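Chain residues, written in single-letter form:
Protein chains: 4
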Amino acid sequence: MRTPSYIDNFESWMRSFHFSIPVKVRFCETDAFGHLNNTVSFIYFEEARIDFFKKLGFMEKWTEDKGEGMIVSADLQCDFLSQIYFDERLSVHVKPDKIGTSSVDLHYLVTNEDGKACLIGRGTMVQVHKKTGKSLPWNEEMRSILVKQQHLGTH
Amino acid sequence: MRTPSYIDNFESWMRSFHFSIPVKVRFCETDAFGHLNNTVSFIYFEEARIDFFKKLGFMEKWTEDKGEGMIVSADLQCDFLSQIYFDERLSVHVKPDKIGTSSVDLHYLVTNEDGKACLIGRGTMVQVHKKTGKSLPWNEEMRSILVKQQHLGTH
Amino acid sequence: MRTPSYIDNFESWMRSFHFSIPVKVRFCETDAFGHLNNTVSFIYFEEARIDFFKKLGFMEKWTEDKGEGMIVSADLQCDFLSQIYFDERLSVHVKPDKIGTSSVDLHYLVTNEDGKACLIGRGTMVQVHKKTGKSLPWNEEMRSILVKQQHLGTH
Amino acid sequence: MRTPSYIDNFESWMRSFHFSIPVKVRFCETDAFGHLNNTVSFIYFEEARIDFFKKLGFMEKWTEDKGEGMIVSADLQCDFLSQIYFDERLSVHVKPDKIGTSSVDLHYLVTNEDGKACLIGRGTMVQVHKKTGKSLPWNEEMRSILVKQQHLGTH
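Residue numbers (numbering that gives the first Met the number 0), protein chains in the order written: chain A, 0 to 154; chain B, 0 to 154; chain C, 0 to 154; chain D, 0 to 154.
For the record, the hints were derived by calculation from the structure and aren't laboratory data.
The model shown is predicted, which means the values in this text are computed figures rather than measured ones.
Glycine is no exception: its CB is placed at the ideal position from the N, C-alpha and C atoms.
The reader is advised that the hints may include incorrect statements.
As the list claims (entries may be wrong) - Pulled a few chain D residues facing chain C out of the computed Cβ check, cut under 8 Å:
{"#": "1", "residue": "C27"}
{"#": "2", "residue": "T29"}
{"#": "3", "residue": "W137"}
Claimed, not checked - In silico SDA-like pairs for lysine to any residue, Cα to Cα no more than 25 Å straight-line:
{"#": "4", "chain 1": "B", "residue 1": "K53", "chain 2": "B", "residue 2": "E63"}
{"#": "5", "chain 1": "D", "residue 1": "K23", "chain 2": "C", "residue 2": "T2"}
{"#": "6", "chain 1": "D", "residue 1": "K23", "chain 2": "B", "residue 2": "L89"}
{"#": "7", "chain 1": "B", "residue 1": "K65", "chain 2": "C", "residue 2": "I20"}
{"#": "8", "chain 1": "C", "residue 1": "K65", "chain 2": "A", "residue 2": "F26"}
{"#": "9", "chain 1": "A", "residue 1": "K130", "chain 2": "D", "residue 2": "F32"}
{"#": "10", "chain 1": "C", "residue 1": "K129", "chain 2": "D", "residue 2": "F32"}
{"#": "11", "chain 1": "D", "residue 1": "K54", "chain 2": "B", "residue 2": "N111"}
{"#": "12", "chain 1": "B", "residue 1": "K133", "chain 2": "C", "residue 2": "H34"}
{"#": "13", "chain 1": "D", "residue 1": "K129", "chain 2": "A", "residue 2": "K65"}
{"#": "14", "chain 1": "A", "residue 1": "K129", "chain 2": "B", "residue 2": "R1"}
{"#": "15", "chain 1": "B", "residue 1": "K147", "chain 2": "B", "residue 2": "D74"}
{"#": "16", "chain 1": "B", "residue 1": "K97", "chain 2": "C", "residue 2": "R1"}
{"#": "17", "chain 1": "A", "residue 1": "K65", "chain 2": "B", "residue 2": "T62"}
{"#": "18", "chain 1": "B", "residue 1": "K65", "chain 2": "B", "residue 2": "F16"}
{"#": "19", "chain 1": "D", "residue 1": "K115", "chain 2": "A", "residue 2": "Q82"}
{"#": "20", "chain 1": "B", "residue 1": "K133", "chain 2": "B", "residue 2": "V71"}
{"#": "21", "chain 1": "C", "residue 1": "K23", "chain 2": "C", "residue 2": "K133"}
{"#": "22", "chain 1": "A", "residue 1": "K130", "chain 2": "B", "residue 2": "R1"}
{"#": "23", "chain 1": "B", "residue 1": "K60", "chain 2": "D", "residue 2": "R88"}
{"#": "24", "chain 1": "C", "residue 1": "K133", "chain 2": "B", "residue 2": "D74"}
{"#": "25", "chain 1": "D", "residue 1": "K23", "chain 2": "B", "residue 2": "I70"}
{"#": "26", "chain 1": "B", "residue 1": "K115", "chain 2": "B", "residue 2": "K60"}
{"#": "27", "chain 1": "B", "residue 1": "K129", "chain 2": "C", "residue 2": "A31"}
{"#": "28", "chain 1": "D", "residue 1": "K129", "chain 2": "A", "residue 2": "Q82"}
{"#": "29", "chain 1": "A", "residue 1": "K54", "chain 2": "C", "residue 2": "K133"}
{"#": "30", "chain 1": "B", "residue 1": "K54", "chain 2": "B", "residue 2": "R1"}
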């Protein structure tokens, strides 16, 4: 495997995650080739990302009626390292990489029960105004929460 | 095949549909058993049902901001008559059966390119108040539209 | 709610389940009406059903290369009792009801964190020959395992 | 919008596609934010990609029992340019970009009814041996078919 351009050193990158969720592969997520359909990776990324944002206290801001912001994906990508099969128990890791004015780059790592990387990925999430759809800068509190998470991964 | 209890005469029932949509089976809708995953039938039913409601002019009432009603499923069922495979071209038929005060029983028939029935089903849809979730009776206009559709199928 | 025809007494029926799996509602499983899309119920049923069959030791028979049998859905139905929202923690219960020569009727109950029933359902699964697609009777071992599970629910 | 690194000139890139499929956004593909859930983009990409491979005569080689090759995704990425809503009619375009020994880079463009780009993306597909999972070089016939498609887009 070539290391994707968003990863400097694969070994240290793998150790830099501090949040993950467990996922079990559903039968309906396989396809006629007998393995996990590749569109499902992004469902796993989304589930991990939302749980991560919930842990940070961001989801409740975005889903409450009076909140002015919501979150959208600017881009998403996934590298498929090895086949995944029905009933595998996976860990879906997520961490913030670069933090922008109103955006954050998230990195994803999906490992199997042997701790082997099966899927890796990244994507930029942008906070936008619910009504205008324009980008909405992080406030001080949100930014410092993201920075703190980012630092967790650098030790 | 035993005829399900919601069908009197299978031959005349099959001829009683006057609305259908085309559906092509996606690869990601198959599973590791090599055929269409059975949970997908209900996605096809939903697509046909919504297009049917759109044709009747109901969807715009339910999705406009000032509309007071929306539609929910009370129940859904599907009988699986024959295997369906990747890339098959299906026709998903839908028609109203019994019409209640605020509900309608819809019947579904999915045929393949040979005109053979692969999936059949039914389900009761209920119009409810968006805010209270309580049932909302059809108004005269909606009822007469449904009755007209129902009569189409009896000739 | 009217009790569906497949349930005699709702209270005792709810107490008759002895197997369940936990499910958390994914964001991508909601729809623009703001709640769980109704097609997803059948994904939850499938996940519970397969885990149940795995616990009984049936799944490995059906997925091994030399196994002659596999399992298909003859029919499936779901009654929608109350709305389900993003991030809810559900328990999806499954149990065998009637046992046929080569089939078994499974009952489903989905409860939320308050123990309230949100979704209930049933469906007949049939063991078939992998090659011919014809029904394949349970052998003595499989039948006795199913009967044992059935009896668990009657005490 | 910043032009992604895989596109030189956006205007000429948009004109370089010669194959597309129509897709209608299903209600169950929306989420509680009211728009198309972002995981669905990759389902649309897959449907277009498979239809494209079918047109080239590749799918039948990969799905026939005696065929030695199959196709897997090495990576996939999507840039989200504008929101997509229920019932929109989209065109999903696909074309080959770089052609490797056993791989091909595919580019994707999803336009709405106004011809506006909503989603763009790319991903490398690799032909592999069914049994070993190792890469399987294109034969002369397949390569010349791919090259021909590639040239279509440069005029």
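So, going through the hints one by one against the coordinates:
no.	hint	result
1	C27	holds, 5 Å
2	T29	holds, 4 Å
3	W137	violated, 30 Å
4	K53(B) with E63(B)	holds, 13 Å
5	K23(D) with T2(C)	violated, 37 Å
6	K23(D) with L89(B)	holds, 16 Å
7	K65(B) with I20(C)	violated, 40 Å
8	K65(C) with F26(A)	holds, 20 Å
9	K130(A) with F32(D)	holds, 12 Å
10	K129(C) with F32(D)	violated, 43 Å
11	K54(D) with N111(B)	holds, 21 Å
12	K133(B) with H34(C)	holds, 16 Å
13	K129(D) with K65(A)	violated, 53 Å
14	K129(A) with R1(B)	violated, 52 Å
15	K147(B) with D74(B)	holds, 23 Å
16	K97(B) with R1(C)	holds, 17 Å
17	K65(A) with T62(B)	holds, 21 Å
18	K65(B) with F16(B)	violated, 33 Å
19	K115(D) with Q82(A)	violated, 35 Å
20	K133(B) with V71(B)	holds, 11 Å
21	K23(C) with K133(C)	violated, 36 Å
22	K130(A) with R1(B)	violated, 54 Å
23	K60(B) with R88(D)	holds, 21 Å
24	K133(C) with D74(B)	violated, 30 Å
25	K23(D) with I70(B)	holds, 21 Å
26	K115(B) with K60(B)	violated, 35 Å
27	K129(B) with A31(C)	holds, 13 Å
28	K129(D) with Q82(A)	holds, 12 Å
29	K54(A) with K133(C)	violated, 51 Å
30	K54(B) with R1(B)	violated, 33 Å
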